[in-house]
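J.: Below, each chain spelled out in residue letters.
There are 2 protein chains.
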Amino acid sequence: MFIETMKKQDNILIIGAGLCGSLLALRLAQRGYKVTVYESRPDLRKVDISAGRSINLALSDRGFKALRMAGVEDKAKEICIPMYGRLIHDIEGNTFASNYSGREGEFINSISRGDLNGILLTEAESHENVTIHFNSKCLSVDIENTKAYFKSYETKEEFTVDADVIFGADGAGSVLRKSYYLEKKFLFSYSQEYLTHGYKELEIPGDKDGNHQISKDHLHIWPRGQYMLIALPNLDGSFTVTLFLGHEEGKYNFKDLTSEEKIKDFFQEQFPDALELIPNISEEFANNPTGALGTVKCSPWYYKGNTLIIGDAAHAVVPFYGQGMNASFEDVYVLDEVLNEFEGDWDQVFKVYQERRKKDADAIGTLAVENYYEMRDHVANPLFKEKRKIEMELESNFPEEYFSKYSMVTFNEEIGYHEAMRRGNAQDKALLNMISDNEISASEMVSKESLATILEKVQKETNEVLEEDKIAGL
Amino acid sequence: MFIETMKKQDNILIIGAGLCGSLLALRLAQRGYKVTVYESRPDLRKVDISAGRSINLALSDRGFKALRMAGVEDKAKEICIPMYGRLIHDIEGNTFASNYSGREGEFINSISRGDLNGILLTEAESHENVTIHFNSKCLSVDIENTKAYFKSYETKEEFTVDADVIFGADGAGSVLRKSYYLEKKFLFSYSQEYLTHGYKELEIPGDKDGNHQISKDHLHIWPRGQYMLIALPNLDGSFTVTLFLGHEEGKYNFKDLTSEEKIKDFFQEQFPDALELIPNISEEFANNPTGALGTVKCSPWYYKGNTLIIGDAAHAVVPFYGQGMNASFEDVYVLDEVLNEFEGDWDQVFKVYQERRKKDADAIGTLAVENYYEMRDHVANPLFKEKRKIEMELESNFPEEYFSKYSMVTFNEEIGYHEAMRRGNAQDKALLNMISDNEISASEMVSKESLATILEKVQKETNEVLEEDKIAGL
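Which chain is which? The protein sequence lines are A and B, in order.
For the first sequence, this note's numbering gives the first residue as 975, with consecutive numbering after it.
For the second sequence, this note's numbering gives the first residue as 975, with consecutive numbering after it.
Hints are computed from structural coordinates only; laboratory data are not their basis.
This structure is a prediction, so every number in the text was calculated from the model and none was measured.
Only pairs whose alpha carbons sit at most 30 Å apart, straight line, appear in this in silico DSSO-like list of lysine-lysine: (1) B/K1174 with A/K1158; (2) B/K1152 with A/K1111; (3) B/K1121 with A/K1229; (4) B/K1332 with A/K1152; (5) A/K1159 with B/K1111; (6) A/K1152 with B/K1333; (7) A/K1158 with B/K1229; (8) A/K1271 with B/K1271; (9) B/K1152 with A/K1121; (10) A/K1158 with B/K1236; (11) B/K1434 with A/K1434; (12) A/K1236 with B/K1158; (13) A/K1174 with B/K1271; (14) B/K1332 with A/K1158.
Which bits of chain A does chain B cover? Going by a derived footprint, with three or more residues having C-beta under 8 Å, they are: (15) 1160 to 1168; (16) 1404 to 1416; (17) 1439 to 1447.
Positions of the beta carbon are idealized from the N, C-alpha and C atoms, including for glycine.
When you get a sec, could you build the whole thing from the sequences and use the hints?
T.: Written as structure tokens, this is what we have:
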């Protein structure tokens, strides 16, 4: 799977020991670099610091690809809970399932952020050329002289770390990225976009025997247009529930939901079946922080061969495609490929890395925001439901030939996010318009032959949509 | 046209006495407010400070609408030079004209930024309730307490200005906007996007009699894919020429063009006819600054009823649609309309203003970047040329029924930029695809009847494009 290459002289500093930083540390250590990591939080293997953060995440094929490269796929799989589709809960408490794929063996996985991070930290630290320091907050980075300034939360002292190369794997609020913005050494294109909605985490505990109270084989969704609840299973029988709600807009919003009574009224009206399963809703609502949902896009990601931002630091995304962690892991995979070609010349490595990766990182940011609207508004829309039904049959009957946009993004790790978006959006547009114009319908799907006809029509129409865009210069 | 309304008690502070700030000062003074303006630069009526900035700009119907509201349209028209279309210069020195509209009386105007700004400053200062201070640089704004901190370039002293309401009309590098970003009092969605190209201004002087050496009735363009030159006429017989060129990319770029020889070789190869007209090219190239081309979008624009950013401060755009000044002036027009409805409640005024204006400001930012690619790459493309030919005939024969995207954006000030973009892009896509599929062609335009058939086809196809997007949820 991988070999320890010759020891290299470059001193690598990684800011951040989260999911991306710890996988990056592991991989660079495997390549023989001397790696030092500084993380602002305490060691999550020793302290529970999950409060208020997503405590489980969706892991899928792009993430596995990168974990496999670093030899830790199997360890990760041991703590995965497969989710085969969405289970939609309507307001009357009825549920209907919607598979993620019509193919066998294609599913996503609920995994504990903390446990996976712990595995990666331990693996990284098993290499003698890796040192990880916790409780050390990065204050700023001198990108010209490749120095980073830190403050220790333990000693309260400030200190400087000099390195040959600095990676900012320091998340959506990246200090290295902020140094790019404030130092103005180059034209820095930068975008931070917030949704009008925020989120809050709640819990459905396991039953008295530690079993899951609702299907653990699904990602649960309660879509209500302006409001949405989702739930992912944990190994201990519980579910982590996330409420998505406007900060200030709409009939109900975070600003107004200030009393126990208002909270319960809201849930009773919109999510009565979920309310019964969340016993500590009032305490959790009051104590768990309200998170913001932001997308970050920027360019360039690097300064000379000195510094690079990676993962959320370069491209934070909203959680609605379940791809945030996967995209960050895939960053490390792509960087590793570029290192195979250009190792020894960091200027060139960073330049080529951004050329290859930027359009895909932008695409997953866009896709995730689009999926926010689809999950809220469209999963209950008849046109979208019929599309999904047809797509499941096409994938099941023509597994080598048909891939929905969701499949391309989630399960087809050999094509990039940008190509998945381009082709997937054209295909969706073709499908929805053909269904709307009664050119295809789910009721026609009576035989393999009739499905073959539908497949042919969809492929032809998709290519026409792409061709029309191309002629229009889009 | 307007009346002096009753004197109001609110003290208004405007940061910036550029085009937007001075029109805003004038209009708020006309409405009876006590207005104080601070500008970082010297008084441009007394000092020539145009070096390196766009010294002429395109003024069109949206701008005139706002100037009319403030009673200064006629004064502006006195210094306008009408430009009826583009004059494209190819590499052999051939030229061909492309009108901006097929209708009578639709043209854009070249106008001196400094002269127009001077008119607005003088008009504003003619009101006793307006005071304008120059050489006063805003350092930061306390948005909670509605105070702004300045430094005088004359006395070198720092001072504080307390106001009831603060407007940031302080341009693309707005200090008020920066305070929004840094103070983190709210979720501030913010985007600054730079093109890989920059610009530099040069001059074609008038001939010895002070006459224009090339047609003054056109905006001149030398499109060369990766490079582009444009020229707008001035009243003194000269043209201001702008070179658009990659900062670091391409065979020729600003980084590499460091010697007189290289500059002349570049112009000799790409713009030989223009080179003959720019006698001081070496000095100008060396002495005039290289400007960056950036688009700013952000939200919210206001904080409570305390502060508002307006004009470039809220939505800087690249210059390729000739709409930057017009969009800023239209901001003042829209704000004035909202004041007619909600005057007395600044919270409400700012909220409603952003609701009405934001999508249009975003649209012109997007349109301007799109036009950058069209001007560089498409004006010489046969498909685009045929489209333009058909559109001119449609506008000329059906002046009440057909409007090109350019006309909607530039001459139809009663519809917003966003609607102009939505409808214009669909129409362009319809036209280009029908031409490409031989469903319509310029050679068919032999009679009013054949044109009526083309018009009908274009309208039908445009509506289909819009309908298909709608069904796809776009």
